[in-house]
Amino acid sequence: MTAISHRQRLETCLSGGKLDRVPVALWRHFPVDDQRPDTLAGAHIDFQRMYDFDLLKVTPASSYFAKAWGVTDEWRGATEGTREYTSHVISCPEDWGGLRVLDPHQGSLGDSLEALRIITRELGPDTPVIQTIFSPLSQAKNLVGRQLLIAHLRKYPQALHEGLRIIADSTRRYIEAAVNTGIAGVFYAVQHAQYGLLSLQEYGEFGRQYDLSVLEPASTLWLNLLHLHGEQVMFDQFTEYPVSIINWHDQDTPPSLSEARTFSNRVLCGGLRRERTMVLGDPDQVTQEALDAIRVTQGDHFILGTGCVVPIIAPRSNILAARHAVEAA
Amino acid sequence: MTNNTADSPAVHQESASAAAYINKGWELKSSGKLDEAEDSFRKAITLQPGSVEAYYALGLTLKAQNRRQESIRSFEKVFDLVEGGLEDRVRGQMLRRLTLGHINQLSNGDWNLEHEIWQRK
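Chains as they are written, first to last, in my numbering: chain D, 1 to 329; chain X, 330 to 450.
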């Protein structure tokens with residue numbers, strides 16, 4: 001039997017066809033390397049060559065948009081590989097209207113497009129590459145800070161809407177440019193659809209309309225993935241979003257994979273715990289958890305993965321175990 | 330070979346043309362027109378014989394065409410140019426690593442990322 005490519009396997013998975021094996025993909029941050037396009041690209045290419053996953057999710061520093069507006073951040077050694085924000089650019093409600101619409105070809109955005117070009121050229125058409133895009137509300141958080149965002153949302157809604165419109169416009173322009181780099185889709189990260197942060201009504205007003213606006217230029221791509229970050233997520237509010245795949249912290253928060261199947265006919269991505277299994281477990285535990293997830297989903301419309309980034313301290317043998325588990329299933 | 334100096338207008342013109350051929354080559358390659366992409370990258374090399382980008386792109390194109398030995402020769406040329414020193418040292422390191430990976434993979438099927446064991450012939 002001729003081996004099929006990663007792209008063919010994912011296309012088959014999305015269309016509900018018979019698979020040779022369950023697709024698998026893990027992703028991680030690359031601190032320090034994420035500060036230049038060539039080192040960011042090189043780190044991702046090495047990662048893909050090492051583990052041969054079915055898709056490569058590109059993980060730039062979360063600040064790659066915010067930096068273009070003047071935010072600063074710093075690498076301080078977090079195990080997830082994320083950088084700490086050291087300054088924000090929004091301090092009062094009036095500042096939202098002062099944001100400018102970004103040119104996707106300049107500065108940190110231009111650098112990220114260059115990284116995408118290097119990666120897609122290097123890996124070729126058989127390995128789908130998806131770029132991380134943060135929702136406008138997530139980007140607003142990076143500009144103003146976690147606490148102040150909620151305060152502005154409730155106290156100065158019109159000012160925040162002004163900022164969200166500019167962020168959404170900038171993000172749409174960026175995605176239009178990113179489409180031309182050869183990516184297969186976007187990894188759309190939503191961080192505020194958590195009942196512990198916002199009400200359904202608040203997310204509807206400040207999140208949903210901007211999400212749908214931003215996802216519009218990605219509609220020409222075939223491999224768009226929605227990531228619902230955090231705990232107690234509003235899963236049922238997202239089942240009609242224009243994406244093929246939904247990923248959330250399924251091992252840490254509802255719904256479970258089997259519950260989610262009743263909500264959505266999208267491809268589900270998850271099954272592995274990031275900390276307890278991928279970091280603190282051993283290869284046997286990783287394999288067992290992977291096989292459990294494949295059993296629960298019957299390997300149908302399913303991609304084995306973690307609920308979020310794999311911490312950079314995860315042992316190599318555990319990552320390899322996840323990769324090999326799909327061959328054994 | 331002309332007697333143009335490095336910063337003469339003629340050299341700038343050739344460099345711009347080479348860049349145009351490289352861009353065109355990438356477009357052709359991404360649409361699967363590998364023969365035409367190869368032709369475009371070779372034209373870029375004719376105009377700018379020291380172009381790391383053109384040789385690298387040619388190496389990838391030949392690899393996609395399964396022309397193993399020719400691809401290795403193109404990547405070896407990249408390696409020589411990179412070893413000669415690129416202005417951007419970090420970019421040079423990335424190209425060196427990627428190039429070695431391709432040569433390893435074409436030679437013995439292993440990217441050899443961890444050891445970079447590679448003997449130049």
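Hint data in this document are derived by calculation from the structure and do not stem from the laboratory. A few of these clues could be false.
[As the list claims (entries may be wrong)] With beta-carbon atoms standing in for the labels, derived distance ranges:
hint, chain 1, residue 1, chain 2, residue 2, range
1, X, Q422, D, A78, 45 to 51 Å
2, X, L415, D, S219, 57 to 63 Å
3, D, E216, X, Q394, 53 to 59 Å
4, D, A151, X, N352, 44 to 50 Å
5, D, Q237, X, P378, 36 to 42 Å
6, X, G438, D, E240, 44 to 50 Å
7, D, G196, X, D364, 43 to 49 Å
8, X, R396, D, R100, 17 to 23 Å
9, D, S219, X, N437, 39 to 45 Å
10, X, A348, D, S199, 49 to 55 Å
11, X, R371, D, G204, 53 to 59 Å
[Unchecked claim] Straight line, CA to CA, 25 Å or less: simulated SDA-like cross-link-like pairs of lysine to any residue:
hint, chain 1, residue 1, chain 2, residue 2
12, D, K18, D, G230
13, X, K362, D, L113
14, X, K372, X, Q394
15, D, K18, D, P125
16, X, K362, D, K18
17, X, K392, D, R100
18, X, K372, D, E114
19, X, K392, D, Q8
20, D, K67, D, R100
21, X, K362, X, G413
22, X, K372, D, T39
23, D, K67, D, Y51
24, X, K353, D, L221
25, X, K372, D, K155
26, X, K392, X, E405
27, X, K353, D, R173
28, X, K353, D, K67
29, X, K362, D, N180
30, X, K362, D, E114
31, X, K392, X, G413
32, X, K353, D, L212
33, X, K362, D, T220
34, X, K392, X, Q342
35, D, K18, D, K155
36, X, K353, D, G77
37, D, K18, D, G196
38, X, K362, D, L291
39, D, K155, D, G196
40, X, K353, D, P125
Source: prediction; values computed, not measured. All C-beta atoms in this analysis are idealised placements derived from N, C-alpha and C, irrespective of residue type, glycine included.
Do the Cβ positions of E216 of chain D and Q394 of chain X conform to the proposed distance bound of 53 to 59 Å?
Cβ of E216 of chain D to Cβ of Q394 of chain X: about 37 Å, so the range 53 to 59 Å is violated.
So does Q237 of chain D sit 36 to 42 Å from P378 of chain X, Cβ to Cβ?
Given about 59 Å between the Cβ atoms, the range is violated.
Does the alpha-carbon distance linking K362 of chain X and E114 of chain D stay inside the 25 Å limit?
Since the Cα atoms of K362 of chain X and E114 of chain D sit roughly 22 Å apart, the hinted pair holds (cutoff 25 Å).
Within 25 Å, alpha carbon to alpha carbon, are K362 of chain X and L113 of chain D?
Holds. K362 of chain X to L113 of chain D sits at ~23 Å (cutoff 25 Å).
I want to verify a distance hint. Is the separation of the beta carbons of R396 of chain X and R100 of chain D within 17 to 23 Å?
Distance hint for R396 of chain X, R100 of chain D is violated at roughly 48 Å.
Taking 25 Å as the top limit, are the C-alpha atoms of K372 of chain X and T39 of chain D close enough?
violated, 29 Å
Do the Cβ positions of G438 of chain X and E240 of chain D conform to the proposed distance bound of 44 to 50 Å?
Roughly 45 Å apart at Cβ, these two residues keep to the hinted range, so it holds.
Verify the proposed pairing of K362 of chain X with N180 of chain D, using a straight-line Cα cut of 25 Å.
holds, 17 Å
Does the Cβ pair G196 of chain D, D364 of chain X satisfy 43 to 49 Å?
The hinted range 43 to 49 Å is violated for G196 of chain D and D364 of chain X, with Cβ atoms some 57 Å apart.
Keeping to a limit of 25 Å between CA atoms, is the pair of K362 of chain X and G413 of chain X held or broken?
Violated, at about 32 Å.
Does R100 of chain D lie within 25 Å of K392 of chain X when you go C-alpha to C-alpha?
Roughly 44 Å between the alpha carbons, so the hint for K392 of chain X and R100 of chain D is violated.
Straight-line Cα separation of K155 of chain D and G196 of chain D no greater than 25 Å?
The given pair, whose Cα atoms are some 18 Å apart, holds under the 25 Å limit.
Of the numbered hints given earlier, the model fails hints 1, 2, 3, 5, 7, 8, 12, 16, 17, 21, 22, 23, 25, 28, 32, 34, 35, 36, 37 and 38; all others are met.
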